[in-house]
Amino acid sequence: MESKNNWKAWLYLAPVLILMSIFTFYPLINTFFISFLKNFDYRSGANSGFTFDNYGIVLGITEKVAGIPESKVTEFVQYALPNTFLVTFITVPISIILSLLIAIGINNVKWFKKGLQTIFFMPYVTNIIAVGMVFSVIFGDNGIFNFIFGLSGTKWVTESASWQNSMTILCLYIIWSALPYKILIFSSGLQNIDKQYYDAAKIDGSNKWKTTMKITIPLLSPQILYIMITSFIGAFKEYNAVVGLFNRNYTDSGNVHDLTTVVYYIYQQLEGNNPQMHIAAAGAVILFAIIMVFTFVQMRVSKKRVHY
Amino acid sequence: MEIKIKGLTKVFPGDIKKGRKDAIAVHDLDVDVKDGELIGLLGPSGCGKSTTLYMIAGLLEPTSGEIWFGDDEVTHLSPEKRGIGLVFQNYALYPHMTVYKNICFPLTNLRVEEPEKDFDAEGYALIVKLVKDYAKIIKVINASNLNGKINEAGAVNALCETYKISKYVAAKLYKFNFVGAADPKALSEEIAKEYQDKLNNEIAKQKNKGKTINDKFVLLTDGKPNVIRRKLTKDEMDALIREAARIVQISDFLDRKPSELSGGQQQRVAIARALVKKPKVLLLDEPLSNLDARLRIQTREEIRRIQQDTGITTIFVTHDQEEAMSICDDIVVMKLGEEQQIDKPQQVYKDPKNLFVAKFLGTPPINVFNGVIKNNAIYVGDNKIITSKKKLPDGEVYVGIRPEGFMVSKDEKAKEGEITLNVNEVLTMGRDLMLVCSNKEFIGEKIKIIIDSDVEAKVGATNLKLRENKVYVFYKKTEERIYF
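Taken in order, these protein sequences are the chains called A and B. Residue 93 in my numbering sits at position 87 of the first sequence; the count goes up by one each step and never skips. Residue 1474 in my numbering sits at position 240 of the second sequence; the count goes up by one each step and never skips.
Heads up, a few of these hints could be off.
Here are the simulated lysine to any residue pairs, SDA-like style, with alpha carbons at most 25 Å apart [claimed, not checked]:
1) B:Lys1443 / B:Glu1348
2) B:Lys1315 / A:Thr132
3) B:Lys1240 / B:Ala1257
4) A:Lys220 / B:Lys1465
5) A:Lys116 / B:Ile1250
6) B:Lys1315 / A:Asp200
7) A:Lys216 / B:Ile1462
8) A:Lys309 / B:Ala1387
9) B:Lys1514 / A:Thr217
10) A:Lys201 / A:Trp117
11) A:Lys208 / B:Tyr1334
12) A:Lys208 / B:Tyr1402
13) A:Lys201 / B:Ser1493
14) A:Lys119 / B:Lys1252
15) A:Lys116 / B:Lys1465
16) A:Lys214 / B:Thr1309
17) B:Lys1608 / B:Pro1627
18) B:Lys1491 / A:Arg306
19) A:Lys201 / B:Lys1682
20) A:Lys214 / B:Thr1467
21) A:Lys214 / B:Ala1257
22) A:Lys120 / B:Pro1329
23) A:Lys214 / B:Ser1312
24) B:Lys1363 / B:Ser1312
25) A:Lys208 / B:Pro1329
26) A:Lys214 / A:Pro99
27) B:Lys1491 / A:Tyr232
28) A:Lys120 / A:Thr132
29) A:Lys214 / B:Pro1627
30) B:Lys1315 / A:Lys310
31) A:Lys309 / B:Ile1250
32) B:Lys1363 / B:Ala1257
33) A:Lys310 / B:Tyr1402
34) A:Lys216 / B:Met1471
35) B:Lys1468 / A:Lys201
Ranges of calculated distance between the beta carbons of each label pair, as one might list FRET restraints [unchecked claim]:
36) B:Thr1467 / A:Gln304: 34 to 42 Å
37) A:Lys310 / B:Pro1349: 47 to 55 Å
38) B:Lys1468 / A:Pro99: 41 to 49 Å
Honestly, the hints are just simulated from the structure, not real lab data. Note that the coordinates shown come from a computational prediction; the quantities given were computed from them, not determined experimentally. A virtual CB, placed ideally from N, CA and C, is assigned to each residue, including glycine.
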């Protein structure tokens, strides 16, 4: 019976599979392929054979221009990687903890629960570029933030702002825009926890804090793991927040591309008249490897702590 | 602990906008439970029995009425202050914790008020005492082997069970490695000396602080113990957990997760978790409804045994009359939030106060006929079944006859005290015969009666003699019993 009906299943899957093959699997494999090609020209497909130099150039090991040792310098290692790691390790834990607290809070109020859920979900349906522009107004030199805190003149997002200030606002902005989806997932997870566990905990004399730590969070651990992995991946791919907030990848003070993230770096390689497709591909593969390692580590570490 | 419930009422408010009326779940309930009794709240679903239980537990706030535990009113006390254990219908075991941790959880929240004790000294003294009989330790460890191999977990468990000690002490005993020692006697003397020294040091240390230790290891300041409020120590928790596990016979499953246990085992874990903090009252909410038929009978006897062993006052909610009848000291029959009858199980069956109680108890259920009272005689159709010496009110009534209240009569024509039924089927049930009959005055589908299997029964119109004590008469309007 099973094998007889199999072709039907494949038929249902066919449209998606065909589209995914063209737009996902082929580009994926092709990226790997291109990342090993020397002087690849994507318009003609011309190249000068296989090489590992693309990776060397991205990682700053190989000279970009042969014979000039100074050309080993790369923005990938100097700015893109540190910025990306910084953004990831600041925004992911903070946004997870915050959204968990907010979700538990919403779950515990009875009055206006629906309204609160809507309010906290609003940023999710708002365009990220538009919000970035709102942020740049709020944190502008004469913006409302400076006005409220009496910091007039402090530069946060303008070109002359320091790297530290720019990064602070960038992280704030990423955390803010990352909250709603997480709150949504946690809220639905919380609603699925049987109320009887709370009754049992009450009978067992457990206080609210202990019930949250020992009952609620362990029972929410599948959702927490899911959110952790997806938001780590999301944070590693951070790009549009930089565009939305600054529309550039440098500050005046550094006079270099010190706001670059990994994906920003990859896009940058494609700019101009002579796009460096092979360099961008190598960068993308490196990002892929980093994300894979992190996801693997997370799955490993969480194995004992997640209760399905 | 005696429980008194006075005028307990619970109303779930309705919603006028949606045209929903107030729901009265429990109405003016009065129950007294004596110390050490097992009482059953029995009724069909929606009769308010679980609501009553949750109000006693403190998870629901009563609309009015009072609940007393002994001399204390607990009506508005929070659940954790009531000193109760509650077993939920689907057990509500924490799925992410092992059985051990599940049972431990209530203990971690417990605070005790006791004279201050020196647990270190107690531990040292215990080891000094235990290592003297090193031969027994070796024997216990060797006996714990699994397929000829001794592993630590098994050995520690065996030591815990033998000596009734905590797993921490047991682990120490195991690690002394008497089994592998060349000269266990010398080893035991050496350890005994080491721990005696430790004990002496501890006593000296306390002496410097101006405290002495008595023979029960209570710290005395100027000869008086200090009462302190503290958490339980790990050793104490371990001992309590193991004791509770022993009572419900789950000692072998302590390391498992609830999902790795069968329904019956989960149920016992739930009871252990409820019992571990030694509550004054144990509440059980339909604890057997998730078990299969055989396990149900076994477990209900188990519950009875545990209840009798611990002597704990227990309230048991069920919709299964057989369950309630078999293990309860007293039964409270409820209907739509109102108490119908409180009595001993046999009494509720033998002497029902109204039609509902009569119908609710007994399998097969009681057979109810339309009847009439005329001149102090009770008729079902043309059959005059009973003539009472008492003065009875004339009018229409319900006549209920228990399935075992019939005897086959040899009379051709029905005499007084007999009823004529049309036997449709004769079913052999081994010990008994079940006759499926019909009668035009009968209310319901089929009359089921049970008679002795020695009697010959045939299909067709049959006269049956009635046992008067199995016949109950009720007013048609109020459904209250008419005693004749």
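To see whether the hints hold, each was checked on the structure:
1. For a cut-off of 25 Å, the pair hint linking Lys1443 of chain B to Glu1348 of chain B stands: about 20 Å separates their Cα positions.
2. Of the pairs offered as hints, the one joining Lys1315 of chain B and Thr132 of chain A is violated, with about 49 Å between alpha carbons and a cut-off of 25 Å exceeded.
3. A hinted pair counts as satisfied when its Cα atoms are at most 25 Å apart, and Lys1240 of chain B with Ala1257 of chain B qualifies at roughly 20 Å.
4. Note on Lys220 of chain A and Lys1465 of chain B: the hinted pairing holds, with a Cα-Cα distance of about 18 Å set against a maximum of 25 Å.
5. Distance restraint check for Lys116 of chain A and Ile1250 of chain B: the Cα-Cα separation of roughly 20 Å lies within the 25 Å cut-off, and the hinted pair is therefore satisfied.
6. With a C-alpha separation of about 23 Å, the suggested pair Lys1315 of chain B and Asp200 of chain A falls inside the 25 Å cut-off, and the hint holds.
7. The straight-line distance between the Cα atoms of Lys216 of chain A and Ile1462 of chain B is roughly 23 Å, inside the 25 Å bound, and the hint therefore holds.
8. This hinted pair checks out: Lys309 of chain A and Ala1387 of chain B have alpha carbons roughly 23 Å apart, not beyond 25 Å.
9. Taking the CA atoms of Lys1514 of chain B and Thr217 of chain A, the gap is about 24 Å. The hint holds against a cut of 25 Å.
10. Annotation: proposed proximity of Lys201 of chain A to Trp117 of chain A holds, straight-line Cα distance about 18 Å (limit 25 Å).
11. Of the supplied pair hints, the one linking Lys208 of chain A and Tyr1334 of chain B holds, its CA atoms being roughly 19 Å apart against a limit of 25 Å.
12. Between Lys208 of chain A and Tyr1402 of chain B the CA atoms are separated by roughly 29 Å; this puts the pair beyond 25 Å, and the hint is violated.
13. As the CA atoms of Lys201 of chain A and Ser1493 of chain B are separated by approximately 18 Å, the hinted pair is consistent with the 25 Å bound.
14. Between the alpha carbons of Lys119 of chain A and Lys1252 of chain B the distance comes to roughly 20 Å, so the proposed pair stays at or under 25 Å and holds.
15. Distance check on the hinted pair: Lys116 of chain A and Lys1465 of chain B sit about 34 Å apart at the alpha-carbon level, beyond 25 Å; violated.
16. For the suggested pair Lys214 of chain A and Thr1309 of chain B, the alpha carbons sit about 22 Å apart, so the restraint of at most 25 Å is met.
17. Between the alpha carbons of Lys1608 of chain B and Pro1627 of chain B the distance comes to roughly 8 Å, so the proposed pair stays at or under 25 Å and holds.
18. A hinted pair counts as satisfied when its Cα atoms are at most 25 Å apart, and Lys1491 of chain B with Arg306 of chain A qualifies at roughly 21 Å.
19. Pair hint Lys201 of chain A plus Lys1682 of chain B does not hold up; C-alpha atoms about 43 Å apart against a cutoff of 25 Å.
20. About 22 Å separates the Cα atoms of Lys214 of chain A and Thr1467 of chain B, which keeps this hinted pair within 25 Å; it holds.
21. For the given pair, Lys214 of chain A sits about 30 Å from Ala1257 of chain B by alpha-carbon distance, which is inconsistent with the 25 Å threshold.
22. For the given pair, Lys120 of chain A sits about 29 Å from Pro1329 of chain B by alpha-carbon distance, which is inconsistent with the 25 Å threshold.
23. Of the pairs offered as hints, the one joining Lys214 of chain A and Ser1312 of chain B holds, with about 13 Å between alpha carbons and a cut-off of 25 Å not exceeded.
24. For the suggested pair Lys1363 of chain B and Ser1312 of chain B, the alpha carbons sit about 44 Å apart, so the restraint of at most 25 Å is broken.
25. For the given pair, Lys208 of chain A sits about 16 Å from Pro1329 of chain B by alpha-carbon distance, which is consistent with the 25 Å threshold.
26. Between the alpha carbons of Lys214 of chain A and Pro99 of chain A the distance comes to roughly 23 Å, so the proposed pair stays at or under 25 Å and holds.
27. With a CA separation close to 23 Å, the supplied pair Lys1491 of chain B and Tyr232 of chain A stays within the 25 Å bound.
28. Of the pairs offered as hints, the one joining Lys120 of chain A and Thr132 of chain A holds, with about 19 Å between alpha carbons and a cut-off of 25 Å not exceeded.
29. At most 25 Å may separate the alpha-carbon atoms for a hinted pair to count; Lys214 of chain A and Pro1627 of chain B exceed this at roughly 62 Å.
30. Of the supplied pair hints, the one linking Lys1315 of chain B and Lys310 of chain A is violated, its CA atoms being roughly 34 Å apart against a limit of 25 Å.
31. Distance check on the hinted pair: Lys309 of chain A and Ile1250 of chain B sit about 51 Å apart at the alpha-carbon level, beyond 25 Å; violated.
32. With a C-alpha separation of about 64 Å, the suggested pairing of Lys1363 of chain B with Ala1257 of chain B is violated against the 25 Å cut-off.
33. A threshold of 25 Å between alpha carbons decides the hint, and for Lys310 of chain A with Tyr1402 of chain B the separation of about 24 Å falls inside it, so the pair holds.
34. Restraint check for Lys216 of chain A and Met1471 of chain B: the C-alpha separation of about 18 Å stays at or below 25 Å, so the hint holds.
35. Between the alpha carbons of Lys1468 of chain B and Lys201 of chain A the distance comes to roughly 29 Å, so the proposed pair goes past 25 Å and is violated.
36. Restraint check, Thr1467 of chain B to Gln304 of chain A: a C-beta distance of roughly 37 Å satisfies the suggested window 34 to 42 Å.
37. With their beta carbons about 41 Å apart, Lys310 of chain A and Pro1349 of chain B fall outside the hinted range of 47 to 55 Å.
38. Here the CB-CB span from Lys1468 of chain B to Pro99 of chain A is close to 32 Å, at odds with the stated 41 to 49 Å.
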